[in-house]
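Each chain, written out:
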Amino acid sequence: MPKPVDVPYLKPVPDASPDDARGAGTHDANAVAQRRAEEALIVDVDGFEGPLDLLLTLARTQKVDLMKISVLHLAEQYLVFVEQARKLRIELAADYLVMAAWLAFLKSRLLLPPDPEAEGPSAEEMAAHLAFQLERLDAMRQVAARLMGRDRLGLNRFQRGAPETVSRKRRTEWQAGLIDLMRAYARLKTRDEFRPYAFDRRDIYSMEQALDRLRQLVGFAGDWTDLSDFLPDGWDVHGSRRRSATAATFAASLELARQGTLEIRQDDTFSPITIRRKPT
Amino acid sequence: MTDQFPDSDPAAPDFPPPPIEQQQRMVEAILFAAATPVSVRELADRLPHGCDPAEAIRGLRSLYQGRGVTLERIGDGYAFRTAADLGFLMQTETVEQRKLSRAAIETLAIIAYHQPVTRTEIEEIRGVAVSRGTLDQLIELEWVRMGRRRMTPGRPATFVVTETFLDHFGLESARDLPGLSELRAAGLLESRPPTETGIPMAEPDDEDEGDPGIPAEDLFEDE
Amino acid sequence: MTDQFPDSDPAAPDFPPPPIEQQQRMVEAILFAAATPVSVRELADRLPHGCDPAEAIRGLRSLYQGRGVTLERIGDGYAFRTAADLGFLMQTETVEQRKLSRAAIETLAIIAYHQPVTRTEIEEIRGVAVSRGTLDQLIELEWVRMGRRRMTPGRPATFVVTETFLDHFGLESARDLPGLSELRAAGLLESRPPTETGIPMAEPDDEDEGDPGIPAEDLFEDE
Numbered sequence: 001m002p003k004p005v006d007v008p009y010l011k012p013v014p015d016a017s018p019d020d021a022r023g024a025g026t027h028d029a030n031a032v033a034q035r036r037a038e039e040a041l042i043v044d045v046d047g048f049e050g051p052l053d054l055l056l057t058l059a060r061t062q063k064v065d066l067m068k069i070s071v072l073h074l075a076e077q078y079l080v081f082v083e084q085a086r087k088l089r090i091e092l093a094a095d096y097l098v099m100a101a102w103l104a105f106l107k108s109r110l111l112l113p114p115d116p117e118a119e120g121p122s123a124e125e126m127a128a129h130l131a132f133q134l135e136r137l138d139a140m141r142q143v144a145a146r147l148m149g150r151d152r153l154g155l156n157r158f159q160r161g162a163p164e165t166v167s168r169k170r171r172t173e174w175q176a177g178l179i180d181l182m183r184a185y186a187r188l189k190t191r192d193e194f195r196p197y198a199f200d201r202r203d204i205y206s207m208e209q210a211l212d213r214l215r216q217l218v219g220f221a222g223d224w225t226d227l228s229d230f231l232p233d234g235w236d237v238h239g240s241r242r243r244s245a246t247a248a249t250f251a252a253s254l255e256l257a258r259q260g261t262l263e264i265r266q267d268d269t270f271s272p273i274t275i276r277r278k279p280t
Numbered sequence: 001m002t003d004q005f006p007d008s009d010p011a012a013p014d015f016p017p018p019p020i021e022q023q024q025r026m027v028e029a030i031l032f033a034a035a036t037p038v039s040v041r042e043l044a045d046r047l048p049h050g051c052d053p054a055e056a057i058r059g060l061r062s063l064y065q066g067r068g069v070t071l072e073r074i075g076d077g078y079a080f081r082t083a084a085d086l087g088f089l090m091q092t093e094t095v096e097q098r099k100l101s102r103a104a105i106e107t108l109a110i111i112a113y114h115q116p117v118t119r120t121e122i123e124e125i126r127g128v129a130v131s132r133g134t135l136d137q138l139i140e141l142e143w144v145r146m147g148r149r150r151m152t153p154g155r156p157a158t159f160v161v162t163e164t165f166l167d168h169f170g171l172e173s174a175r176d177l178p179g180l181s182e183l184r185a186a187g188l189l190e191s192r193p194p195t196e197t198g199i200p201m202a203e204p205d206d207e208d209e210g211d212p213g214i215p216a217e218d219l220f221e222d223e
Numbered sequence: 001m002t003d004q005f006p007d008s009d010p011a012a013p014d015f016p017p018p019p020i021e022q023q024q025r026m027v028e029a030i031l032f033a034a035a036t037p038v039s040v041r042e043l044a045d046r047l048p049h050g051c052d053p054a055e056a057i058r059g060l061r062s063l064y065q066g067r068g069v070t071l072e073r074i075g076d077g078y079a080f081r082t083a084a085d086l087g088f089l090m091q092t093e094t095v096e097q098r099k100l101s102r103a104a105i106e107t108l109a110i111i112a113y114h115q116p117v118t119r120t121e122i123e124e125i126r127g128v129a130v131s132r133g134t135l136d137q138l139i140e141l142e143w144v145r146m147g148r149r150r151m152t153p154g155r156p157a158t159f160v161v162t163e164t165f166l167d168h169f170g171l172e173s174a175r176d177l178p179g180l181s182e183l184r185a186a187g188l189l190e191s192r193p194p195t196e197t198g199i200p201m202a203e204p205d206d207e208d209e210g211d212p213g214i215p216a217e218d219l220f221e222d223e
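Heads up: the sequence lines are chains A, B and C, in that order.
Position 64, counted from 1, in the first sequence is what full-length UniProt numbering calls 64; the numbers after and before it change by one each time, with no gaps.
Position 81, counted from 1, in the second sequence is what full-length UniProt numbering calls 81; the numbers after and before it change by one each time, with no gaps.
Position 65, counted from 1, in the third sequence is what full-length UniProt numbering calls 65; the numbers after and before it change by one each time, with no gaps.
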């Protein structure tokens with residue numbers, strides 16, 4: 001099988017290609033390379049980024065400014081390429097075939113005299129647009145190369161290797177208004193007002209205390225004894241304490257008399273009250 | 001080092017701003033400390049009230065002219081970068097660059113020169129579908145981001161290049177892209193409706209898979 | 001950017017070293033891009049043959065003298081650092097506004113109404129111990145300061161409110177603080193205890209506690 005000289009882009013796949021389109025299931029690189037060398041012709045269509053890229057590459061072989069490209073010739077080149085691929089039983093991707101069909105159509109339109117009745121763009125307009133597209137793609141390729149060739153950060157230009165981080169400090173601003181202050185003070189001052197009511201028992205001698213004391217003492221008091229003698233120590237001097245103790249003890253004596261434990265006697269109004277254990 | 005600026009508290013708007021030499025020192029310190037460009041606005045926020053960071057930058061740029069590090073304008077911001085001619089000294093700092101695929105490089109160039117540009121427009125220029133991975137890679141590098149949606153049927157997303165892109169390629173702005181004016185003059189940046197002339201577009205139905213010609217593992221060839 | 005040094009290849013020992021200004025640029029760039037301080041020895045390894053990094057550093061150090069960044073010696077190496085007096089630029093402050101704690105506001109109120117007042121007196125009024133932290137916070141806020149020591153056994157310290165306090169609360173003097181009756185009139189003492197129970201109100205007849213009418217002469221005994 002002769003190598004197609006006029007279609008330079010149909011070329012053997014490089015040995016290193018990982019993409020084993022032919023389905024050789026072996027990983028033995030030598031065996032693959034050998035078999036490929038024997039078959040000799042595998043189209044490197046994958047090397048093209050689509051039909052437009054292929055067209056651009058083919059256009060370059062015309063060695064003219066893309067603006068002056070012969071679209072007719074280009075269409076023919078493309079169709080030869082596709083024909084060659086087909087002969088070599090190479091499966092081209094669908095978009096390559098679609099492009100081929102479109103270029104065959106364009107070629108026929110370019111060769112025929114213009115049909116004034118035909119709708120849509122003329123063959124020349126279609127050809128011009130294709131040339132524009134090729135030129136634009138070519139231009140993008142060139143500026144992409146210029147872009148990649150610039151002084152790039154991390155390759156030619158470098159940023160500070162030890163950037164100093166900006167620390168974010170949090171400052172707390174404490175808020176309090178006059179109203180908060182007054183409210184707090186009001187809260188403090190009124191808290192006292194709500195303290196549970198508690199009677200001051202310091203100078204109070206309760207009837208329970210008097211009853212307990214009388215019950216204990218009256219057992220020994222067989223004779224009439226002045227009530228004031230039953231007042232507890234410390235409660236018989238100071239006025240208010242004495243009053244409280246006297247009242248409580250008197251009340252307790254009444255209670256015990258009611259229960260029949262003791263007897264009460266008062267000889268006269270305001271005369272001393274005396275009590276004794278009720279004789280049994 | 002022992003200078004103290006009682007008026008350097010940004011929270012004290014009533015003090016006069018420090019003298020321009022001090023402002024210059026402050027801007028210098030902030031820009032030196034930052035790895036990424038700092039905008040004039042950010043500088044103003046961090047400097048004491050009343051400072052003129054733009055003026056300080058002008059002074060600094062001329063001061064650093066021709067030095068080992070230079071003050072570069074990058075988009076809205078400024079950053080110190082080592083002089084490009086000294087890159088050869090930086091073997092230890094050189095960042096391993098993942099080699100971009102041809103598809104990625106072309107797509108990047110198209111976005112830079114045609115921005116804002118939709119995916120369909122990119123495909124129309126390249127004549128092949130743009131694989132999801134290609135755009136993802138550019139977005140991951142933070143060189144490309146989504147722009148505003150186009151107000152056309154389907155409201156397609158557009159893509160634009162970023163400040164990181166400008167920084168990486170040492171561009172002050174997207175207007176400084178090499179050859180931009182020539183391309184524009186040649187009419188090569190105008191978008192023409194692709195349907196007008198009926199040139200077939202390789203447009204696979206499966207948008208996300210797209211581009212059968214670029215296997216994903218091809219995206220990052222080893223350097 | 002356009003400078004080229006044919007003699008700058010470290011692998012070419014036969015070329016004469018670049019002029020000192022170039023060496024300075026190189027050292028400047030290396031130190032700028034380095035992640036850690038670089039020693040003179042490392043510099044010599046990275047610079048073209050025959051360079052004198054120590055001399056270049058001397059030149060750079062004087063060049064950066066008094067600037068926003070300075071070239072500092074750190075251990076064996078050299079590195080650029082923000083000038084010490086500009087450290088404040090490397091911080092951004094976010095202000096968080098928070099309400100004063102109940103303990104703090106109560107303590108403050110007591111000091112304001114009863115100043116000069118000892119800690120023990122504050123505790124008596126609040127009915128709970130005053131934590132050191134609460135007083136410290138008020139002192140740190142500059143709302144409270146120590147007054148004269150009380151001339152009583154133990155000579156306890158007293159606390160008074162400050163000018164800053166008056167400023168913050170919009171008072172001309174602590175005498176302007178409203179009394180209890182005014183607080184009540186202002187509706188701040190809404191929960192008035194039922195009077196029919198005959199429970200005595202905290203009223204002025206109690207010498208220690210009483211104070212809607214703080215005796216004026218008590219207020220600024222200290223001033």
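Everything labelled a hint here was simulated from the structure, so no lab data went into it.
Model, not experiment: these values are computed from the prediction.
Check before you lean on any hint, since a few could be wrong.
Result set (EDC-like, lysine to aspartate or glutamate): computed pairs, CA atoms no more than 16 angstroms apart in a straight line [said to hold, decoys possible]:
(1) K99(B) / E140(B)
(2) K99(B) / E42(B)
(3) K63(A) / D138(A)
(4) K169(A) / E96(C)
(5) K99(C) / E135(A)
(6) K63(A) / E173(A)
(7) K278(A) / E255(A)
(8) K99(C) / E125(A)
(9) K68(A) / D151(A)
Verification of the supplied hints:
1. K99(B) / E140(B): 14 angstroms, holds
2. K99(B) / E42(B): With Cα atoms ~34 angstroms apart, K99(B) and E42(B) exceed 16 angstroms; violated.
3. K63(A) / D138(A): Distance ~14 angstroms between K63(A) and D138(A) Cα, so the pair holds.
4. K169(A) / E96(C): 10 angstroms, holds
5. K99(C) / E135(A): 69 angstroms, violated
6. K63(A) / E173(A): 76 angstroms, violated
7. K278(A) / E255(A): Since the Cα atoms of K278(A) and E255(A) sit roughly 13 angstroms apart, the hinted pair holds (cutoff 16 angstroms).
8. K99(C) / E125(A): 76 angstroms, violated
9. K68(A) / D151(A): This hinted pair is violated, its Cα atoms lying about 34 angstroms apart.
Going through the hint list in order, the structure does not satisfy hints 2, 5, 6, 8 and 9.
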